[in-house]
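A.B. asks: Residues per chain are reported as follows:
Number of protein chains: 2
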Amino acid sequence: MTESGRPPADAMTNPRADRVRDVAKLAGRPVRLRRGQFLAEGPQAVGEALRAHRDALTAGGSELVTEVYASLECLKKHPQLLELAEDPVCRLHMRVASELVLEAMTDTVTPQGILAVCNFVDVPLDQVLAGKPKLIAVLCQVRDPGNAGTVLRAADAAGADAVVFTASSVDIYNPKAVRSTVGSLFHLPVVTGVEVGDLVRQCKAAGMMVLAADGYGHLNLDDLQDESAARGFDQEVPESQCELEKPTVWLFGNEARGLSEEELMEADHRVAVPVYGSAESLNLATAATVCLYATARSQQRDGRQ
Amino acid sequence: MTESGRPPADAMTNPRADRVRDVAKLAGRPVRLRRGQFLAEGPQAVGEALRAHRDALTAGGSELVTEVYASLECLKKHPQLLELAEDPVCRLHMRVASELVLEAMTDTVTPQGILAVCNFVDVPLDQVLAGKPKLIAVLCQVRDPGNAGTVLRAADAAGADAVVFTASSVDIYNPKAVRSTVGSLFHLPVVTGVEVGDLVRQCKAAGMMVLAADGYGHLNLDDLQDESAARGFDQEVPESQCELEKPTVWLFGNEARGLSEEELMEADHRVAVPVYGSAESLNLATAATVCLYATARSQQRDGRQ
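Those sequence lines, one after another, are chains C and S.
In our numbering, each residue carries its 1-based index in the first sequence increased by 4.
In our numbering, each residue carries its 1-based index in the second sequence increased by 4.
Derived from the structure by calculation, the hints contain no laboratory data.
The reader is advised that the hints may include incorrect statements.
Note that the list lumps identical chains together, so a pair holds whenever it fits in one copy or between two copies.
The list that follows gives simulated cross-link-like pairs (lysine to any residue, SDA-like), each with its CA atoms no further than 20 Å apart [to be verified]:
| # | residue 1 | residue 2 |
| --- | --- | --- |
| 1 | Lys80 | Thr114 |
| 2 | Lys180 | Gly150 |
| 3 | Lys180 | Asn123 |
| 4 | Lys180 | Pro115 |
| 5 | Lys138 | Ser282 |
| 6 | Lys180 | Glu259 |
| 7 | Lys138 | Arg20 |
| 8 | Lys180 | Pro149 |
| 9 | Lys80 | Ser172 |
| 10 | Lys138 | Val279 |
| 11 | Lys250 | Asp226 |
| 12 | Lys136 | Pro251 |
| 13 | Lys180 | Pro83 |
| 14 | Lys250 | Tyr280 |
| 15 | Lys136 | Tyr280 |
Small disclaimer: the values here were computed from a predicted structure and weren't measured.
Work out the full structure: start from the sequences and follow the hints.
C.D. replies: Put into structure tokens, the structure is as follows:
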């Protein structure tokens with residue numbers, strides 16, 4: 005950028021330029037799949053992408069971010085993003101673009117002044133399991149990109165070791181899904197496109213317990229938490245096959261229908277979040293958060309002892 | 005309805021009729037406020053509204069639903085809704101309307117074949133406090149109608165006694181908010197338009213503890229839950245001023261900024277949902293659910309002893 009604050013000579017101002025159209029095409033799934041790339045938008049997400057990019061390069065890995073476009077106004081407000089992108093490790097040349105160009109690049113109604121083209125971040129399941137994970141969240145047939153992103157964010161907050169999107173779930177690289185993760189997509193390993201049966205088999209072989217979140221489940225999550233707490237206090241509790249402290253895989257189903265009968269059959273146990281009032285159920289993201297936090301709490305307590 | 009399944013003679017087919025326009029105007033807040041009415045849409049929400057209407061009339065209260073409009077197709081699929089509306093207690097004449105008419109009545113992209121005009125359901129705070137509530141959720145400066153509805157639904161699931169929307173929060177009668185409650189708006193008392201200061205004063209006078217959900221809070225929700233569990237097992241725990249079992253009011257703040265400094269000052273304690281991973285925070289609805297369920301669990305356990 006020029007010191008005067010004026011747009012540099014190579015600023016992009018033509019919203020119909022080929023490069024702009026190329027970026028805009030990442031709104032479509034087939035193009036994302038073909039290129040293995042997706043868009044991160046807004047100062048927070050781009051910041052997280054750049055930090056993940058720097059960490060990957062520092063660790064000898066491959067690049068995560070390939071292009072960054074920002075408005076002058078955004079760069080003035082977030083100078084640290086320019087510094088980060090152009091630092092000696094990241095080595096990215098941040099292109100200044102007009103608001104019109106940025107608008108043409110995304111499907112957002114209110115573009116946030118900066119976006120990055122990123123390489124897919126998903127990893128193979130083997131790699132996740134090699135790290136001896138204690139908590140994995142699996143989304144089966146989840147349809148809404150916002151829900152998918154919100155559960156990924158909640159899994160990150162709960163300290164999960166990975167999030168898996170099965171082949172039948174929405175694309176986590178969908179722009180709305182990426183936005184809903186608020187950067188968490190760059191914080192923890194993500195696995196995509198696996199079949200539930202394969203996934204469960206591999207996780208069980210790795211010694212993990214598989215729990216299905218199911219409103220009609222025969223086990224009550226609060227009872228399991230009470231039993232876990234009781235074990236923590238060396239109280240006598242009936243022996244349980246479903247100890248929340250164990251390394252756990254949680255399966256979460258479709259927003260309207262929950263998990264299918266086949267998916268339920270794969271689980272070791274079906275666990276219901278208790279409903280104390282008159283609501284029929286919680287929505288997907290809130291139910292998943294309660295489940296993931298219940299496991300996280302039990303494992304944390306267990307880890308302290 | 006005619007037995008032949010053909011539309012009855014008084015079926016509404018003109019989307020430009022005055023009655024249709026009158027219903028459509030309920031999408032706007034000033035009209036809702038002037039009339040004291042709002043729209044419930046879809047089989048589930050209308051079903052809950054009709055049941056609440058019947059319960060209110062049975063208890064000698066005033067009517068909740070004033071008009072119901074449905075497509076023939078929807079009535080064929082959900083005949084119990086017609087029966088319920090026209091039963092001797094409800095005494096509502098369900099009007100059959102064409103899909104075009106129903107579309108013109110709502111702002112939904114995909115209308116669900118049935119809608120009800122309902123009278124406001126909110127009640128004064130005094131009335132809630134007279135019932136000796138144990139758990140109240142308060143939404144301060146919440147902006148997104150979907151979030152407001154989702155928190156109301158979660159509060160219902162957690163068995164809360166009421167949900168309060170302060171004067172600075174989004175209108176819970178907004179069509180999108182109503183849809184997100186998935187019927188919970190008709191399950192538990194709702195209070196609207198109060199100032200936080202007044203609310204807190206009255207709740208404290210009624211013996212309730214006021215907790216602020218605050219990412220920077222000095223108390224950790226999981227520690228509080230552990231202490232609560234320990235008391236349940238008669239373990240020695242340091243004396244705490246913040247026992248989750250107590251009758252509790254939770255304050256939740258704006259999606260982006262959280263609670264304001266003034267709102268935080270009103271609380272007895274500031275409590276953080278711990279973040280075990282790298283996420284900066286949970287989103288509003290997921291954080292609120294974890295808080296409300298933590299209190300519900302502690303109170304349930306306490307109630308069993």
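A.B. asks: Look at each hint and say if it fits the structure.
C.D. replies: So, going through the hints one by one against the coordinates:
1. In this assembly of identical chains, the alpha carbons of Lys80 and Thr114 lie at most 20 Å apart only when taken from the same copy (19 Å versus 42 Å across copies).
2. For the homomeric pair Lys180 and Gly150, the shortest alpha-carbon distances inside one copy (6 Å) and between copies (16 Å) are both at most 20 Å.
3. Taking CA atoms no more than 20 Å apart as the test, Lys180 paired with Asn123 passes inside one copy only; the shortest distance there is 17 Å, against 35 Å between copies.
4. Only within a single protomer do Lys180 and Pro115 lie at most 20 Å apart by alpha-carbon distance; the minimum there is 12 Å, versus 23 Å between protomers.
5. For the identical chains of this complex, Lys138 and Ser282 are inter-copy neighbours only, at 16 Å across copies versus 34 Å inside a copy, given an alpha-carbon limit of 20 Å.
6. Taking identical chains as interchangeable, the C-alpha atoms of Lys180 and Glu259 lie at most 20 Å apart whether they share a chain (17 Å) or sit on different chains (17 Å).
7. Proximity of Lys138 to Arg20 under the C-alpha cut-off of 20 Å is found in neither arrangement, the shortest distances being 48 Å within a copy and 60 Å between copies.
8. Taking the closest pair of Cα atoms, Lys180 and Pro149 come within 20 Å of each other both inside a single copy (6 Å) and across two copies (18 Å).
9. In this assembly of identical chains, the alpha carbons of Lys80 and Ser172 never lie at most 20 Å apart, being 42 Å within a copy and 32 Å across copies at closest.
10. Only between protomers do Lys138 and Val279 lie at most 20 Å apart by alpha-carbon distance; the minimum there is 16 Å, versus 27 Å within a single protomer.
11. Taking CA atoms no more than 20 Å apart as the test, Lys250 paired with Asp226 passes in both settings, with 16 Å inside one copy and 19 Å between copies.
12. In this assembly of identical chains, Lys136 and Pro251 lie within 20 Å of each other by CA distance solely inside one copy; the values are 9 Å within and 42 Å between copies.
13. Neither within a single protomer nor between protomers do Lys180 and Pro83 lie at most 20 Å apart by alpha-carbon distance, with minima of 26 Å and 38 Å respectively.
14. For a Cα distance limit of 20 Å, the shortest separation of Lys250 from Tyr280 across copies, 17 Å, qualifies, whereas the shortest one inside one copy, 27 Å, does not.
15. In this assembly of identical chains, Lys136 and Tyr280 lie within 20 Å of each other by CA distance solely across copies; the values are 17 Å between and 36 Å within a copy.
Of the numbered hints listed earlier, those contradicted by the structure are 7, 9 and 13.
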